[in-house]
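Protein sequence lines correspond, in order, to chains C and G.
Residue 1 is where the first sequence starts when you use UniProt numbering, and the numbers rise one by one after that.
Residue 1 is where the second sequence starts when you use UniProt numbering, and the numbers rise one by one after that.
Among the hints, a few may not be true.
Using C-beta positions, here's what the derived DEER-type ranges look like [what the hints assert, rightly or not]: (1) C/ASP216 with G/ARG282: 31 to 37 Å; (2) G/ALA45 with C/GLU194: 40 to 46 Å; (3) G/ALA23 with C/ASP216: 33 to 39 Å; (4) C/LEU156 with G/VAL5: 36 to 42 Å; (5) C/GLY323 with G/ALA45: 39 to 45 Å; (6) G/GLU140 with C/ARG65: 36 to 42 Å; (7) C/PRO221 with G/ASP183: 52 to 58 Å; (8) C/ALA43 with G/SER11: 38 to 44 Å.
The set of hints was computed from the structure by calculation and includes no laboratory data.
Every residue, glycine too, gets a C-beta built ideally from N, C-alpha and C.
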Amino acid sequence: MATTPRTAAIVGGNRIPFARSNSRYAQASNQDMLTATLDGLVARFGLQGQQVGEVVAGAVLKHARDFNLTREAVLGSRLSASTPAYDVQQACGTGLEAAVLVANKIALGQIESGIAGGTDTTSDAPLAVNEDLRRVLIRLNSATTLGDRLKALRGLRPGQLAPEIPRNAEPRTGLAMGDHAAITAKEWEIGREEQDELTVRSHQNLAAAYDRGFFDDLVTPYLGLSRDQNLRPDSSMEKLAKLAPVFGTGDPAATMTAGNSTPLTDGASAVLLASDEWAAERGLPVLAHLVDAQTAAVDYVHGGEGLLMAPAYAVPVLLARQGLTLQDFDFYEIHEAFASTVLATMKAWEDPGFCKERLGLDAPLGAIDRSKLNVNGSSLAAGHPFAATGGRIIATLAKMLHEAGPGRRGLISICAAGGQGVVAILES
Amino acid sequence: MATTVLEAAPSMPALLARAALTARGRGGALPEDRVARRGVVVDPAEVAAYARVCRFPLADTLPATYPHVLAFPLQVALMTDRAFPLALPGLVHVRNRIEVLRPIGAGEALDLEVRAERFARHRSGATVDLCASVSAGGAEVWRARSTYLARGATAPEGAPEADVDVEIADLGPGTITWRVPADAGRRYAAVSGDVNPIHLSGLSAKAFGFKRAIAHGMWVKARALAALTGRLPEALTVDVGFRRPLFLPSTVTLASGQRGSGWDVAVRNATAGTEHLVGRIRPL
C-alpha cells in the first residue's frame with residue numbers, strides 16, 4: 001500500500017484590495033497586479049531573491065500576449081529569477097485550483113514550497129478584433145499574390161471596426177452568468193429578501209474584519225486603495241430594497257439586483273504553501289493544511305442543471321472520501337458569486353429529493369450553521385476579480401482556522417463558469 | 001543666492017522657444033540661483049503613462065527615474081534664464097547620476113529644488129551640472145546630477161576638469177533586444193514633457209544638425225532600469241554616460257552584468273555595436 005502523502009501547509013497570503021471596474025486600477029494590467037501581489041508576499045515572508053518550488057497562477061480575462069503571465073510576473077518580482085512558474089485557468093475556480101496543484105506537488109514531495117495565485121482585470125480587458133475582420137486579416141496575411149490580397153481586402157466592412165468585447169456570458173447558451181443564476185434562483189424559490197440579507201451580512205462582516213485589523217497581514221495597499229472599493233459598511237436592507245433587478249428580468253418576480261450580485265472588479269491574490277519542514281526551517285508559521293480537494297461539473301447546456309450548481313455535487317464526494325458530514329466544519333466559505341447561488345446551494349444540500357436523485361445519497365447532507373458561513377465577508381462585499389477569489393478565500397480561512405486553534409476545519413466552495421465547481425477542506 | 005518658487009511646472013514649449021530666442025550673447029559665471037516647487041503630488045495617470053512608455057510595472061512607488069520628469073522643467077527654467085552663461089540649444093546631455101535614498105511613495109508630497117554647479121573645462125568645450133534634489137517630509141529622498149556639454153564654450157578661469165566618464169567592466173553581448181520605433185521620441189515627449197525638437201521628427205532634428213531624430217537619453221536610461229525590475233536594491237545610485245546618439249528607428253541591445261548587489265549595463269546598436277549608454281547601478 002502506498003504511504004499516505006503529507007499535506008501541504010498554508011503559510012500565509014497576500015492580496016491587493018479589490019477595485020471596482022474602470023476605477024482605481026484602470027491603468028493596471030494583470031501582470032502589474034500579480035507582480036505587486038507577489039512582491040507583497042515576498043516582503044511579508046522574507047523571500048527576496050529566494051527560489052520557491054513553483055509559482056502557479058492565472059487570469060480568466062487574458063491578453064494573447066500574456067501567454068506566460070505568471071512566469072513574466074515572477075521575472076518582474078523580487079523572487080529569484082530561477083523560480084519556475086506556469087499559468088492555469090478554470091474560470092472563477094482558477095485561484096483555488098492553482099492552490100490545489102501546488103499543494104499536490106508538495107504532498108508528493110516534488111516541491112517543498114510554492115505560491116498559488118490569480119489576477120483579473122475587467123478594466124484593462126483583452127479587446128479582440130472583430131471575428132469577421134480577423135478572418136479577413138488572416139486571409140490577407142497568407143495571400144501571396146496581389147490579386148489574392150485584393151480579393152481578401154474586398155471582405156472588409158466598416159462594421160468590422162467594432163471590437164469583440166469579452167462578456168461575462170456562457171458561449172454555449174449566450175446567457176449572462178447572472179441570467180443563469182436567476183434561472184436557478186427561481187427553480188429553488190430563493191426570495192429577494194433572503195438574498196439581500198446575505199448581502200448586508202457580507203458587507204457588515206467584511207467591514208468588521210477590516211475594523212478589527214483582521215486583514216492587516218493579508219492585504220497590501222495598492223495604487224492608493226487600502227480596503228476593497230466595493231465594501232459598503234453602511235449597506236442595509238432598506239438601501240438594497242431600492243435596487244431594481246438586473247438579471248432574469250423577463251420575469252416580473254425577478255430578484256437579482258446589482259446589490260445582491262457581485263460587481264466586476266480588478267485585483268490579485270497569492271498564497272504561500274509549503275511542507276511543514278520548509279516552513280519550520282525558515283521560522284514561518286503554519287496557519288492550516290490543505291487536506292483535500294474535489295472538482296465537479298454539471299451539464300447546464302442540455303442536462304437541466306443550474307450553471308453554478310457544480311459545488312453542490314463536488315462537496316458530497318469530498319465528504320465521503322474524508323469520512324465527514326457537512327456539519328463537521330467550524331467555518332464555511334461559500335463564494336458569493338451571487339447571493340442566490342449561496343442560498344440555492346445550501347437549499348439543495350437540505351433537499352431530500354435533490355440529494356437522492358441528483359447526488360445519489362440516502363439522506364440529505366442537511367443544513368449548515370449560518371453563523372459559521374462567510375464570517376469575515378465574501379465576494380458580495382469584497383468583489384470578485386475572477387482568478388483572485390480563490391487566493392483571497394484560502395488565506396482568509398487559513399487565518400481564521402489558525403486563530404480558532406488546532407484541529408479546526410473549514411470548507412471552501414467555489415462555483416465557476418462552464419458549469420464547474422472546485423471545493424476544498426482546510427484544517428488547522 | 002535666491003530661490004524662485006514656482007506654483008506649477010513651467011510650460012516646456014514656451015521655455016524652449018525662449019531658449020532659442022535668447023541663445024546669443026550669453027556668458028559669465030554660473031548663477032547661484034535655485035528654482036523650486038513645494039508640495040508636488042504626482043498625477044497617478046501621468047505616472048502610469050510614463051511607466052508604460054518606459055516599461056516599468058505599475059507599482060505603489062515611483063520609478064527611480066520619474067522624479068527627473070518633475071525636476072527637468074525647473075532645470076530648463078534655470079537654463080533659459082538670462083543669467084545662465086550657456087545657450088540651451090546645442091547643450092548635450094552626457095552623463096546622468098540618480099541617487100534614490102529610499103523608494104518614493106506615489107502619494108507623497110514632494111519638494112523639488114534645482115541648481116546649477118560645477119562649470120568645468122572639457123576637451124571640446126565646457127560642461128555644467130544641473131542638480132536636482134527631492135525631499136519628502138523635510139528629508140531628502142532623491143537627488144540627481146545631469147552633466148551637459150557645450151561644445152566650443154569656454155569655462156571660466158580656474159575651472160575644474162570635466163568629469164563625464166562612467167567606467168564599467170567588460171560586458172558580453174546583450175541578449176535583450178529592443179526594436180526602438182520611429183515614434184519613440186514622440187511617445188517619451190508625451191509622458192515626460194521633454195519636447196526638444198531633436199527627439200520629435202527627422203525634419204525637426206535636421207534643423208538642429210542631426211541626420212535623424214534621436215531617442216531621449218533619459219528614456220534609454222529608464223528603460224534599461226525597468227529591465228532590471230525586481231533585481232535592484234531599494235536605495236541605489238544609477239550613474240550613466242550617454243555615448244553615441246540613438247537614431248530613430250533603431251534596433252539596440254541591452255547587456256547587463258551583476259556586480260555584487262549592483263549591475264553594469266550597456267545599450268548598444270544591435271549591428272554596429274556602437275555604445276549609446278553605459279551605466280553603473282550600485283546600492284547606496
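Taking the hints in turn, this is what the structure says about them:
1. C/ASP216 with G/ARG282: 31 to 37 Å: Holds - the Cβ-Cβ distance for C/ASP216 and G/ARG282, about 35 Å, lies within 31 to 37 Å.
2. G/ALA45 with C/GLU194: 40 to 46 Å: holds (42 Å)
3. G/ALA23 with C/ASP216: 33 to 39 Å: violated (58 Å)
4. C/LEU156 with G/VAL5: 36 to 42 Å: Given range 36 to 42 Å: violated, Cβ gap about 57 Å.
5. C/GLY323 with G/ALA45: 39 to 45 Å: For C/GLY323 and G/ALA45 the Cβ distance comes to about 56 Å; the hint is violated.
6. G/GLU140 with C/ARG65: 36 to 42 Å: Given a distance of about 40 Å, which is inside 36 to 42 Å, the answer is holds.
7. C/PRO221 with G/ASP183: 52 to 58 Å: violated (35 Å)
8. C/ALA43 with G/SER11: 38 to 44 Å: Given a distance of about 40 Å, which is inside 38 to 44 Å, the answer is holds.
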